[in-house]
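Asks: Below are the chains, spelled out letter by letter.
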Amino acid sequence: MADPMRIRAQSAGGNATIRVLMSHEMESGQRKDGNGKIIPAWHIQDVTAALNGKTVMTAEWGPAVSKNPFLQFTIKGAKAGDKVAITWKDNKGDSRTDEATVS
Amino acid sequence: MTHRFNGLQKLALALGFVSLSTAAFAQKSSADSIAEYRAMLQDGNPADLFEAKGEDLWKQKRGPKNASLEQCDLGKGPGVVKGAWVELPRYFPDTRRVQDVESRLLTCMQDLQGFNAEDIAKTPFGKGEQNNVTAIATWISAESKGMKFNLSQSHLEERKMYEAGKRLFFMRGGSHDFACATCHSQDDKRIRLQDLPNLTKNPGAGNGFGAWPAYRVSNGQMWGMQLRLNDCYRQQRFPFPLFASDATIALGVYMGVNGQGGEAIAPAIKR
Chain A
456 MADPMRIRAQ SAGGNATIRV LMSHEMESGQ RKDGNGKIIP AWHIQDVTAA
506 LNGKTVMTAE WGPAVSKNPF LQFTIKGAKA GDKVAITWKD NKGDSRTDEA
556 TVS
Chain B
18 MTHRFNGLQK LALALGFVSL STAAFAQKSS ADSIAEYRAM LQDGNPADLF
68 EAKGEDLWKQ KRGPKNASLE QCDLGKGPGV VKGAWVELPR YFPDTRRVQD
118 VESRLLTCMQ DLQGFNAEDI AKTPFGKGEQ NNVTAIATWI SAESKGMKFN
168 LSQSHLEERK MYEAGKRLFF MRGGSHDFAC ATCHSQDDKR IRLQDLPNLT
218 KNPGAGNGFG AWPAYRVSNG QMWGMQLRLN DCYRQQRFPF PLFASDATIA
268 LGVYMGVNGQ GGEAIAPAIK R
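Protein sequence lines correspond, in order, to chains A and B. Read left to right, the first sequence gives residues 456 to 558 (the numbering used here). Read left to right, the second sequence gives residues 18 to 288 (the numbering used here).
Bear in mind the hints are in silico, worked out from the structure with no lab data behind them.
Label pairs and their in silico Cβ distance ranges:
| hint | chain 1 | residue 1 | chain 2 | residue 2 | range |
| --- | --- | --- | --- | --- | --- |
| 1 | B | His172 | A | Ser483 | 44 to 52 Å |
| 2 | B | Gln203 | A | Asp501 | 47 to 55 Å |
| 3 | A | Thr472 | B | Lys162 | 16 to 24 Å |
| 4 | B | Pro141 | A | Thr552 | 32 to 40 Å |
| 5 | A | Ala467 | B | Ser50 | 25 to 33 Å |
| 6 | B | Lys93 | A | Trp497 | 37 to 45 Å |
| 7 | A | Ala467 | B | Gly163 | 23 to 31 Å |
Beta carbons: idealized from backbone N, C-alpha and C, even for Gly.
Kindly generate the complete structure, drawing on both the sequences and the hints.
Replies: Set out below in structure tokens:
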């Protein structure tokens, strides 16, 4: 199972800044291993952010995103106490959801 | 005529300004830009992920004995983690050895959890339990973030290790006739665009020693001090030192004592 994400959600001036660190190999599918064989692509494909259960952002990611990616965005109108849930799904079908409370 | 001459002079003056400012810009764009880049990355330092994993591993019941590491003595008593890292490596009466954080973790994992320390030490970096040792070391170092290095030199063994570390640091050898000191004993030296800290005194020793474990952006790996030293020896074309060997610990004592009073910034982020 995938390791948990680190989510920080800070409210500022009626909005909330969300900073997410995801733990993922993000293998591009371009690299070769010691025997010259291609290491198969393994990366996050879909990222979804939800505020109190309502989807506020979706993103499609590809092999160009770095290992252990960092994502930062702003949610308009999010207040302290609101729940922010982030979900990622990778091309192997693995997925992970973590939640944080806006402070 | 005079009027035109003035115009040319003004133009020359203006050009002079332009070239001056580009020169200043070019100067800024080496070391400063790297510092800027690091500061930008610091906010999303993936070392956080390893830190969280390490904390979890510390508290988790694992190994053949199904025990946690919460009773592990890092030098400040069983289970005391805060402030332990800035006093390591130190002498431990139970093992009668000077140990750094990683070798001490091997002891605890063997005594408390029943793992085989020798097997873990032989595991290549980045595999199996080695990954866990790195993660736990990352968390332990983070618990001392911002504190000042305060290594003990009161025990004879600790002073002996400092001396041994010093000799290893200056020992030249290998196909390139290299020593640690070749790169790290002078101020303001660089290798490509990387500043080389002078590890024989502060601030270099504190900055260098106090930054590892660190996350390496270029390969996306978390590195502890043992792996960092291993890589130094690789670059010197020496044979690889054994994990948690007395040699690498002695080098840690040498750098840590030289960095006395320096601030611990680990887990840091590196290129």
